[in-house]
Each structure stands twice: as structure tokens, then as C-alpha cells.
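From first to last, the protein sequence lines are chains X and U. When you line the first sequence up against numbering that gives the first Met the number 0, it's residues 0 to 193, in that order. When you line the second sequence up against numbering that gives the first Met the number 0, it's residues 0 to 195, in that order.
These are computed hints drawn from the structure, not numbers from a lab. Source: prediction; values computed, not measured. Glycine included, each C-beta is placed from N, C-alpha and C at the ideal position. Hints should not be assumed to be uniformly reliable.
Unchecked claim - To spell it out: a stretch of chain X is covered by chain U in this simulated footprint if at least three of its residues, at any positions, have a beta carbon under 8 Å from a beta carbon of chain U; those stretches are:
#1 41-49
#2 148-155
Stated by the list, open to error - Computed list of chain U residues with no C-beta within reach of chain X, every gap over 12 Å:
#3 38
#4 72
#5 180
#6 195
The chain contents come next:
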Amino acid sequence: MPEVLVRKKSICVEQIFHEGGPVAETPLRRAAALAVIRNPFSGSYVANIEWFMDDLKPLGLEMARKLVDALGGDPEVVEGYGKGAIVGALGEIEHGALWHVPGGYAMREVLGGAKAIVASTKKVGGPGTRLDVPITHINASYVRSHFDAMEVGLNDAPRADEILLALVMTTGARVHARVGGLKASEIKGEDGLR
Amino acid sequence: MIAKAKIRKIATFVEETNREMDRDVSPPTKRAAAVAVIENPYAGKYVENLSELMEIGEELGELLTARAVAALGILGPSAESYGKAAAVGENGELEHAAAILHPKLGTPVRRVLGKGAALIPSSKKRGGLGVTLDIPLGHKDAAFVRSHFDGMEVRINDAPRANEIMVAIAVTDSGRPLARVGGLAKEQIKGEDGLR
Numbered sequence: 000m001p002e003v004l005v006r007k008k009s010i011c012v013e014q015i016f017h018e019g020g021p022v023a024e025t026p027l028r029r030a031a032a033l034a035v036i037r038n039p040f041s042g043s044y045v046a047n048i049e050w051f052m053d054d055l056k057p058l059g060l061e062m063a064r065k066l067v068d069a070l071g072g073d074p075e076v077v078e079g080y081g082k083g084a085i086v087g088a089l090g091e092i093e094h095g096a097l098w099h100v101p102g103g104y105a106m107r108e109v110l111g112g113a114k115a116i117v118a119s120t121k122k123v124g125g126p127g128t129r130l131d132v133p134i135t136h137i138n139a140s141y142v143r144s145h146f147d148a149m150e151v152g153l154n155d156a157p158r159a160d161e162i163l164l165a166l167v168m169t170t171g172a173r174v175h176a177r178v179g180g181l182k183a184s185e186i187k188g189e190d191g192l193r
Numbered sequence: 000m001i002a003k004a005k006i007r008k009i010a011t012f013v014e015e016t017n018r019e020m021d022r023d024v025s026p027p028t029k030r031a032a033a034v035a036v037i038e039n040p041y042a043g044k045y046v047e048n049l050s051e052l053m054e055i056g057e058e059l060g061e062l063l064t065a066r067a068v069a070a071l072g073i074l075g076p077s078a079e080s081y082g083k084a085a086a087v088g089e090n091g092e093l094e095h096a097a098a099i100l101h102p103k104l105g106t107p108v109r110r111v112l113g114k115g116a117a118l119i120p121s122s123k124k125r126g127g128l129g130v131t132l133d134i135p136l137g138h139k140d141a142a143f144v145r146s147h148f149d150g151m152e153v154r155i156n157d158a159p160r161a162n163e164i165m166v167a168i169a170v171t172d173s174g175r176p177l178a179r180v181g182g183l184a185k186e187q188i189k190g191e192d193g194l195r
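Full structure from sequences and hints, please.
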């Protein structure tokens with residue numbers, strides 16, 4: 000098995016105090032961890048790619064832990080998450096799909112067994128491509144206040160033979176959430192939905 | 000929250016480069032930027048005296064440098080290069096960026112970093128939401144160190160709104176990955192005149 004070749008890692012943190020309304024007592028924080036790796040399948044069609052998911056697991060765990068660190072080090076403060084991938088021009092969208100398992104399970108493990116499916120998106124694109132990574136509540140997908148997204152990207156990635164991998168975590172609801180729906184305080188947290 | 004600037008959000012960005020052109024970069028090069036999105040007190044009108052923005056610049060100089068250094072995980076004096084930039088929303092003028100960046104922002108930056116004999120390279124522009132800022136980078140004690148001429152792009156998709164200003168400070172622990180175009184090396188600098 001080839002090792003995962005990482006060219007670049009990046010962490011972005013946003014601390015949001017307000018968006019024109021009252022200043023939040025506890026500012027919302029959102030963080031993204033990015034890794035730019037060599038795509039071992041770029042340039043030709045490879046039928047059997049599934050094994051690469053195992054290779055990505057340690058990287059997923061490292062990125063998830065760094066996100067928790069970037070949000071202060073306590074996994075208990077994390078309330079929302081999401082993931083995504085941008086595949087360089089010589090790859091295919093299916094290569095981005097390799098990130099679902101190692102990215103998602105890494106965050107669940109680090110967060111102590113989060114219940115909800117990890118919202119995700121992916122695309123093929125060139126250097127500087129931006130990705131809107133969707134975000135939902137970690138234990139109940141229907142929590143309306145936590146539907147959010149964080150735009151990520153790096154100006155020099157992904158190159159044609161690379162994949163940009165992204166994980167995102169947040170500490171709470173949108174800063175002025177007020178459109179009703181299921182509240183975080185009302186969830187059962189059993190089926191991952193409500 | 001701090002006193003003078005009305006801050007809507009603060010973002011930090013860290014980049015660590017481990018490989019380039021199939022070669023290891025060892026130790027990895029690291030750089031960080033801290034960006035504040037603030038209300039522009041002079042949006043939509045011509046104001047002769049821009050002193051309020053100069054005060055805000057002084058405040059953000061300390062806050063953003065401390066955030067950038069913390070994001071890098073180093074102590075201020077270990078920083079090697081720096082830069083600053085601002086993007087003014089469409090209801091402001093370029094001079095507002097100048098008021099923040101030039102009169103008072105540098106002193107607290109240098110205080111946090113221990114030194115900083117060199118000019119802090121800067122860029123500024125007016126733009127809409129999602130505008131990119133290319134923050135120029137140069138060695139903090141000797142502007143002629145060629146390995147440290149660089150730039151870092153930052154961008155926040157929802158800023159600056161028309162009445163806002165984005166203010167950015169970038170700090171590194173290193174020069175470019177695989178730098179090899181000669182010139183003054185960091186080991187050769189005197190660090191007295193800010194140039195060599």
C-alpha cells in the first residue's frame with residue numbers, strides 16, 4: 000500500500016460575534032481542517048480503489064483531533080459537523096467518495112460516538128476551487144438551528160493529481176438562529192435524526 | 000470583545016507545507032493569518048479626520064498578531080516574516096484601509112513579535128463579499144532576505160459587507176518551501192537597519 004502523501008495541511012477558524020443583531024454572549028466558532036494529498040489513482044481508471052479508505056483513516060483521525068484542538072480542546076463543545084473533498088482534474092468524483100468513511104468515522108470517534116450522519120459534499124475542480132461544506136447537528140440531523148455551511152479552499156490546491164480533503168466542526172447554532180423547527184434542547188439523539 | 004473596533008468576526012488561517020514537487024519540506028514551512036471583520040465608522044461619507052480608524056488599527060495590531068502567533072503555535076520572537084493587508088467594503092474608501100494599516104498598527108505588531116526592524120509589507124483594496132486579499136510577506140528584521148519574499152491569500156466568503164473593513168495580519172515561522180534563488184540569507188542579516 001502506498002503511504003498517504005500529504006503536501007499541505009491547513010486549519011481555518013472563524014469566531015463569529017454577530018451578524019447585524021445582538022452580540023452573542025458566547026461567540027459561535029467554526030473550524031475547518033484541510034489536507035492536500037496525492038491522488039494515487041489520478042490519470043487512469045482504476046477499478047479497485049476501496050482499499051485506500053483504510054490508508055486515509057489515520058489522517059482523518061489526525062484532522063479531527065486538530066479540529067477539536069482548534070476549538071479549545073474539549074470535544075464536548077462540538078455541536079455540528081460536516082465533510083467534503085475536491086478532486087483535482089486528473090481524478091474522478093468517485094475518488095472523493097473515498098473520504099466518506101475515514102472522514103466521517105474519524106469525527107464520530109473523536110467526538111465520542113456522534114449519532115447523526117455527517118453531511119457532505121464533493122466536486123472535481125482546479126486550484127482555488129471553493130467548496131461549501133454542509134454542516135448539521137452531530138446527534139440529530141433535523142436540528143434546524145444547526146443547518147449551516149462553511150466555505151473552504153486553498154488558492155494552490157488541488158493540483159491535477161491531488162485531492163483536497165476537508166473536515167468541519169462548529170460549536171453551535173447559526174449566530175442569530177430564529178426560524179423554528181427542532182431545537183437542540185429537544186432531541187432524543189437515538190436515531191441520529193431527531 | 001475589545002473596546003474600539005466593532006468586530007463581527009475573526010478568522011484565523013494556518014497553512015503547513017510538508018511536500019513540494021515530490022520532495023519533503025523538512026521542517027515543514029508554516030504561516031498563519033488572522034483576519035478581523037469590523038464595522039467601518041466612516042462608510043458612506045467623506046470624513047476628513049480618520050483618527051478613529053488609526054486607533055482601531057493600533058488595537059487590531061495587537062489582537063491579530065497575538066492570534067496569528069498563537070495559531071502558529073510559536074512564541075512571537077520566533078516569527079520570521081510578516082505582512083498586513085486590508086479590504087474596504089464598497090461604501091468605504093481606500094484611505095480608510097490606509098488609516099488602519101499605516102499610522103499605528105505596526106508598533107503593537109512589533110511588540111508582540113519582540114522585534115521587527117523591517118517595514119511591514121502591505122496591500123489594500125476595495126471589494127465586495129469574498130474578495131481575496133494577497134498579504135505580502137517579508138522577513139521581519141531584514142527586508143532583503145530573498146527566501147522570505149512571499150504572499151498568503153486569504154478570503155472570507157461573507158466579508159466585507161458594504162459598511163465593513165477586513166483587516167489581516169500574517170506571520171510565518173519560515174520562508175518559502177524549497178527556497179533556492181539566492182540573495183541575502185537569513186543567517187547573514189544584521190537586523191539593524193531593517194534592510195539587511
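| query | Minimum Cβ separation between residue 195 (chain U) and chain X greater than 12 Å? | reply | Non-interface label stands for residue 195 (chain U): nearest chain X Cβ at 30 Å, farther than 12 Å.
| query | Can we confirm that no CB of chain X comes within 12 Å of the CB of residue 72 (chain U)? | reply | Violated, since 10 Å does not exceed 12 Å.
Check: Is it the case that residue 180 (chain U) keeps its Cβ farther than 12 Å from each residue Cβ in chain X?
Finding: Holds, since 18 Å exceeds 12 Å.
Q.
For the region 148-155 of chain X, count the residues whose Cβ lies under 8 Å from any Cβ of chain U; is that count three or more?
A. Since 4 is at least three, the answer is holds.
**Request:** Check, residue by residue, whether the region 41-49 of chain X contains three or more positions whose beta-carbon lies closer than 8 Å to a beta-carbon of chain U, and give the verdict.
**Result:** violated (count 0)
Non-interface label on residue 38 (chain U), tested against every C-beta of chain X at 12 Å: At about 10 Å from chain X, residue 38 (chain U) fails to clear the 12 Å cut-off, so the statement is violated.
Going through the hint list in order, the structure does not satisfy hints 1, 3 and 4.
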